[in-house]
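Undergrad: Protein chains in written order, with my numbering: chain E, 1 to 158; chain P, 1 to 617.
It cannot be assumed that every hint is accurate.
With a straight-line cut-off of 27 Å between C-alpha atoms, the simulated DSS-like cross-links for lysine-lysine are [to be verified]: (1) P:K8 / E:K109; (2) E:K112 / P:K3; (3) E:K130 / P:K334; (4) E:K13 / P:K236; (5) P:K559 / P:K487; (6) E:K130 / P:K259; (7) E:K112 / P:K151; (8) E:K112 / P:K129; (9) E:K43 / E:K13; (10) E:K87 / E:K109; (11) E:K112 / P:K285; (12) P:K3 / E:K109; (13) P:K282 / E:K147; (14) P:K569 / E:K43; (15) E:K13 / P:K603; (16) E:K43 / P:K285; (17) P:K282 / P:K308; (18) P:K259 / P:K227; (19) E:K43 / P:K151; (20) P:K259 / P:K8; (21) E:K13 / P:K569; (22) P:K129 / E:K13; (23) E:K147 / P:K569; (24) P:K308 / E:K13; (25) P:K487 / E:K130; (26) P:K129 / E:K43; (27) P:K308 / P:K217; (28) E:K130 / P:K569.
No lab work stands behind these hints: they were computed from the structure.
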Amino acid sequence: MSEKYALIVDVDKCAGCRMCETVCSLGHEGKVIPSKARISVIKDEQNGIDFPVFCQQCEQPLCIEVCPTLALTKDTETGIVSINENKCIGCAMCVMACPIGGIVVTDEKKMKKCNLCEGKPRCAANCPTKALEYLQLTKITKQKQRKGLGRMIRLIGN
Amino acid sequence: MSKFDFGKVLQIDLTTGQYSSRPVTEEEIYNYMGGRGLSAKFLYDLTSGEEEPLSPQNPLIFGNGLLTGSAAPCSGRYTVTAISPLTGGFGDGNSGGFFGPEMRYAGYSHIIFLGKAEKPVYVYIENDKVEIRDASHLWGKDTWETDTFIKEELGDLEVQVACIGQAGENLAKIACIINNLTRAIGRCGMGAVMGSKNLKAVAVRGHGGVDNVDLEKTFEILSETRKLAETDWSFKLFGTHGTPGLVDVYNSRGVVPVKNFQKSWVPDGEAEKISGDTFLKKYSKKHKACYNCVIHCSHFYEVEGSHKEEGLEFESIGALGPRIGVIDYPSILKANHLCNRYGLDTIGAGDVIGFILEVYEKGLISNEEIDGLTLNWGDNQLAEVLLKKMSYREGLGDLLAEGSYGAAKRIGKGSEYFSAHVKGQAIISCDPRGLLGWGLAFAVASRGADHLRAHPVVEYIFTPERAKEIWGTEKAVDRTAEEGKGKLIKWCEDVRALADCLGVCKFFTRTAYLLPEQLAKLITPITGISLEASNLLHVGERINNLERMFNVRRKFDRKDDVLPERFAKEAIPEGPSKGMTIDVSNMLDDYYEARGWDIATGKPTQDKLKELGLDEL
Chain E
1 MSEKYALIVD VDKCAGCRMC ETVCSLGHEG KVIPSKARIS VIKDEQNGID FPVFCQQCEQ
61 PLCIEVCPTL ALTKDTETGI VSINENKCIG CAMCVMACPI GGIVVTDEKK MKKCNLCEGK
121 PRCAANCPTK ALEYLQLTKI TKQKQRKGLG RMIRLIGN
Chain P
1 MSKFDFGKVL QIDLTTGQYS SRPVTEEEIY NYMGGRGLSA KFLYDLTSGE EEPLSPQNPL
61 IFGNGLLTGS AAPCSGRYTV TAISPLTGGF GDGNSGGFFG PEMRYAGYSH IIFLGKAEKP
121 VYVYIENDKV EIRDASHLWG KDTWETDTFI KEELGDLEVQ VACIGQAGEN LAKIACIINN
181 LTRAIGRCGM GAVMGSKNLK AVAVRGHGGV DNVDLEKTFE ILSETRKLAE TDWSFKLFGT
241 HGTPGLVDVY NSRGVVPVKN FQKSWVPDGE AEKISGDTFL KKYSKKHKAC YNCVIHCSHF
301 YEVEGSHKEE GLEFESIGAL GPRIGVIDYP SILKANHLCN RYGLDTIGAG DVIGFILEVY
361 EKGLISNEEI DGLTLNWGDN QLAEVLLKKM SYREGLGDLL AEGSYGAAKR IGKGSEYFSA
421 HVKGQAIISC DPRGLLGWGL AFAVASRGAD HLRAHPVVEY IFTPERAKEI WGTEKAVDRT
481 AEEGKGKLIK WCEDVRALAD CLGVCKFFTR TAYLLPEQLA KLITPITGIS LEASNLLHVG
541 ERINNLERMF NVRRKFDRKD DVLPERFAKE AIPEGPSKGM TIDVSNMLDD YYEARGWDIA
601 TGKPTQDKLK ELGLDEL
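With the rest of the complex left out, here is chain P:
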């Protein structure tokens, strides 16, 4: 068997312009696998716990998964990691498209940016060539203009560009990084970290490839994995409707937040206006896919007379739609498009708009502070105005650019009650009151309120028998029960971490292709690394503990693993989840116990760290 080349780690100091690279070691792969895991290790080692998120001391790490750019299905994903300006703790975002694979073909597993450039720059990497180039002429441009300018300037339309828009430049804490025009490193404000370094874009081009040690076995496993993935109910739904199809799935459970969580259900008749079917019939032109994808959950859509682009995700519909009282596709799609161009996280942006609307409604912010605007729920034109303001930090936008939690801290007057956040990060458009396992997942996720760390779709997909087999109780898959949720979320987090470390899409590994036994079968023929499923789970657990220790070092503890008190005090008023509330404290005890963490503080015990080989932390 030939030897697999894991790629190199490139470190670029933007302050001095110096750079160097070294190969990823086999030991690093066995311990942290790559992608999110290896980036977490780098971030831990490069920081002390004291760094300010928007200072030059915060490293910014672009990390490919072990299988990014390989023959593995849906392996187009890369992660960007840094201390989050939103949470002040561990931060990362993950994106698909074609940037990650191109970076891998250029020879790199990870690229670490240190320091801060004196003036705006972009970094161009073509195989071994690394150039730090002037970007003064690009500063102020949106992501689409930036993408076009760079390709023209380099005379190469095949270059892959990851860049920030005006939101990142102006350090909006909900700024994202965009690649392939519409694919986002969305969460945790990674765009602001990039902006703080005066780094407008990273452009990569690679002529190399990714090894494959056992060809015959690889082709065999590819067709096997595909057949298995096709047995997943979501495979078909995503292949036709994409995630817009989830509007119906979640609304039928009564967990789609309306007017900043005042309600959580869009009534029949209204819901059809923003359903997956409506999007498909009225706006979609064709299916689109990320690198090597067998699902093709994305679309190319057009709103006549307005704009056309790839995309649309359920979360963007939720955040820029019902959450701000808007039930209108042209308005949602326009806001989605503007978020892509300004470089804003659609979830964070919709959340802060919903927050300010409610805070205004409750009289906690005065007319003098809102730039003469009229702030009403369901105003189809409002998002467009506010997104621009927050991207440029103009007037009210300066407040909104902080995200709802940051804005609440500035406003005071008890406004934090209306911020749907955990650790400063906005909760997605899935009401945790109606999905208790998800609620616990939001509370404990290392990057703040987040559904993708655990992505516990098994809570409503696995059968009670299967739940009993894995987590010891059938209740684990009853979305209204607290029992068994600690074990469920621990398991989900450990398994889900693997997808992020492999650079494989979580939709491919959603349910049918979720188990570590199956992932191990995919890794071996491509890389030659032989791994037991138990080893893989151990790696997943190690990464979750490492990220936890990163946050512990930054003074996070049990008190930060909470959902907003609103969700315990106010029951969902109507719809299929009527009457439900959530208080995570009991589930939290179970979760810490399942994790082997101290129940009073939420800190990993020395024994646990030792077991995972993390006792030096």
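Next comes chain E alone, as it looks inside the complex:
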């Protein structure tokens, strides 16, 4: 059985530098162009919130369900949802259906989405605070549990 991975974010660690957008667009578009990056840091500056948003590679992707030309598919092996640009007619139904804004529509009305850099996501590799990590699914839960417990121990300790 092959291990599955996911890109996860620890919002407390995100400093909001947007380097994920930089390296994402650099890798996929050959230039730094955040409007075409597949990841985007949503900010609320007055409240100090920085939240990287990107495709979660859903198990039941609504984007696939609504795509009229079957341009979107999910790889059963890796779980990566990707767009076949030859089949895409630019209707943006996927953008509307995705509940979290995981699909980007560009000025040229092209749909772009995260494909986890085919298993080596550059955003996670370059994230300066390690707010973004590419982890085995089983490790994600353990990591969250340890973090939550750490907080609890500090509370008890105090």
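Add chain P to chain E, keeping to what the hints say.
TA: Just chain P, lined up with the frame of chain E:
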């Protein structure tokens, strides 16, 4: 290799509402690199030497560095340049955050504002679209309200806004320009210049990008630069504590000004109350960073029951804390927050408060002139009152809004002795008596007392062996020695100018990633421009000479390159730098010699200008 697009220069005449743009040329890049350097060239060419700083004839130039918004680490910086109302000479400020990159994605390297709008306006730029919009409803609002209103009005929360608060509107000479709520074009009173043009804000949104000519090499160099930067001791300190960590660094050297430089050391026991550790443990909620930053020196902090915001810099702690006798974080943080909202330079504001407290203490200003206030050192509530007054120019605030030098000129009675300024600009919270190289740097900086032109941290970081290798004497890195300081500061100024021209943070290029050889390696894969390190140093030298010539044309000379006489007359009374004084005259001779400038006048010689291709000036 594909061709790199350097972006456009947009020129907007606020008097007529006309605008036009043209591409930045390759020649301009080779000679002035971008950012501060190219803006200096534009300012020189657009003025004659006679213009009043707060008149419509003073151009206001927003300039991105060559690498702003690119893949380069810490490349979020932009510069705003104009004749400074504080100094009457060359003026600029530099800020991080996300405004510069967004302006670049809209397609612009530089935006030049000319003239003056008839009524309050803000300029909205979205890619090729340029709109001059009414801002009557925004006039009188603080920077945070302005930021919120503009985003709501444009229906786009991703717009980046650079704006002024009430201080800029009321032409306070220590007014700054704020972007991303807390990032400031702090020094030189650029906010007042913006206010004088009736320009409340510049809002930008861009859907474009920044080219990258050699992808593979870029990714390679990014990981290389990061490893190198991580070897810098300050990288770790800034990544955890940010610049508040410098309270300990400078206080342990006895150079943190207390009560307007009456002392320069916060005693043990007191110092912990305003240390980086205390800030981190009691107020910081998380790390924050500017565009593409690998250091994340900033924080999001909260003072319960008061306010929360991004920030805190060592200089703001120093200026709004010990300099006015305050050793109390909630008070410092509140004052810092108000400076952000009114749009005041924290350094200039703290300086003028310290100045007025001392002038009052010495009996040089009467009770009738201080609006019935009680002026005492260490009053935790005082800054809040005075910051409001200076932002609105109310009562005593009208005097304070001039900055300490301007205020001293009005007060007379020898009060200038207590103004810690060079060329009208306030000295930072680092006592030059205990750091001689820094003292020389303050004296000669083109924008008045300023530490970032030279930013000579190498004075206490480089080893004596390395100093000997570069500047010919080990003494160059002895902070108590005058020897070698001329060469040291010249070198630092030339190298530091590059960071400002590239739009890269000076903290990234602080020590480990400082050398021109390293910067050249970063520029080439991104832009395709191949540069030798010696070329880069030449560009840095050209820019320093151009700014010098700008000031020469405005009648500055050797007599203006001085520190306040107080620093020569009064020794630091206690602490690790006890007994130290500074008189820059000998170091100044060495500096002029290293620069190839006339020693009697401080003017660049014709030979030097010719060597730098500036002989037409």
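Undergrad: So if I understand the rule, the pair passes when the alpha-carbon distance is 27 Å or less; does K13 of chain E with K569 of chain P pass?
TA: Roughly 50 Å separates the two Cα atoms, so the pair is violated.
Undergrad: Holds or violated: K13 of chain E and K603 of chain P, Cα atoms, limit 27 Å.
TA: Not satisfied, since the Cα-Cα distance of roughly 51 Å exceeds 27 Å.
Undergrad: Can the restraint linking K130 of chain E and K259 of chain P be considered satisfied, given a maximum Cα separation of 27 Å?
TA: violated, 42 Å
Undergrad: Verify the proposed pairing of K259 of chain P with K227 of chain P, using a straight-line Cα cut of 27 Å.
TA: violated, 41 Å
Undergrad: Keeping to a limit of 27 Å between CA atoms, is the pair of K112 of chain E and K3 of chain P held or broken?
TA: holds, 25 Å
Undergrad: Regarding the pair K8 of chain P and K109 of chain E, is the alpha-carbon distance no greater than 27 Å?
TA: OK: K8 of chain P and K109 of chain E at ~26 Å, within 27 Å.
Undergrad: For the pair we were handed, K112 of chain E and K129 of chain P, check the Cα-Cα distance against 27 Å.
TA: Roughly 25 Å between the alpha carbons, so the hint for K112 of chain E and K129 of chain P holds.
Undergrad: Next pair to validate is K130 of chain E with K334 of chain P; report whether the Cα-Cα distance is within 27 Å.
TA: Violated: K130 of chain E and K334 of chain P sit about 31 Å apart, past 27 Å.
Undergrad: Given the hinted pair K147 of chain E and K569 of chain P, is their Cα-Cα distance within 27 Å?
TA: Distance ~57 Å between K147 of chain E and K569 of chain P Cα, so the pair is violated.
Undergrad: Below or equal to 27 Å on CA atoms is what counts here, so check K129 of chain P against K13 of chain E.
TA: Judged against 27 Å, a Cα distance of about 37 Å means the pair is violated.
Undergrad: Mind checking the alpha carbons of K43 of chain E and K285 of chain P for me, to see if they're no more than 27 Å apart?
TA: Status holds; Cα separation ~16 Å.
Undergrad: Does K87 of chain E pair with K109 of chain E here, judged by a C-alpha cut-off of 27 Å?
TA: holds, 14 Å
Hints 3, 6, 11, 14, 15, 18, 20, 21, 22, 23, 25, 27 and 28 from the list above are not met by this structure, while the remaining hints are.
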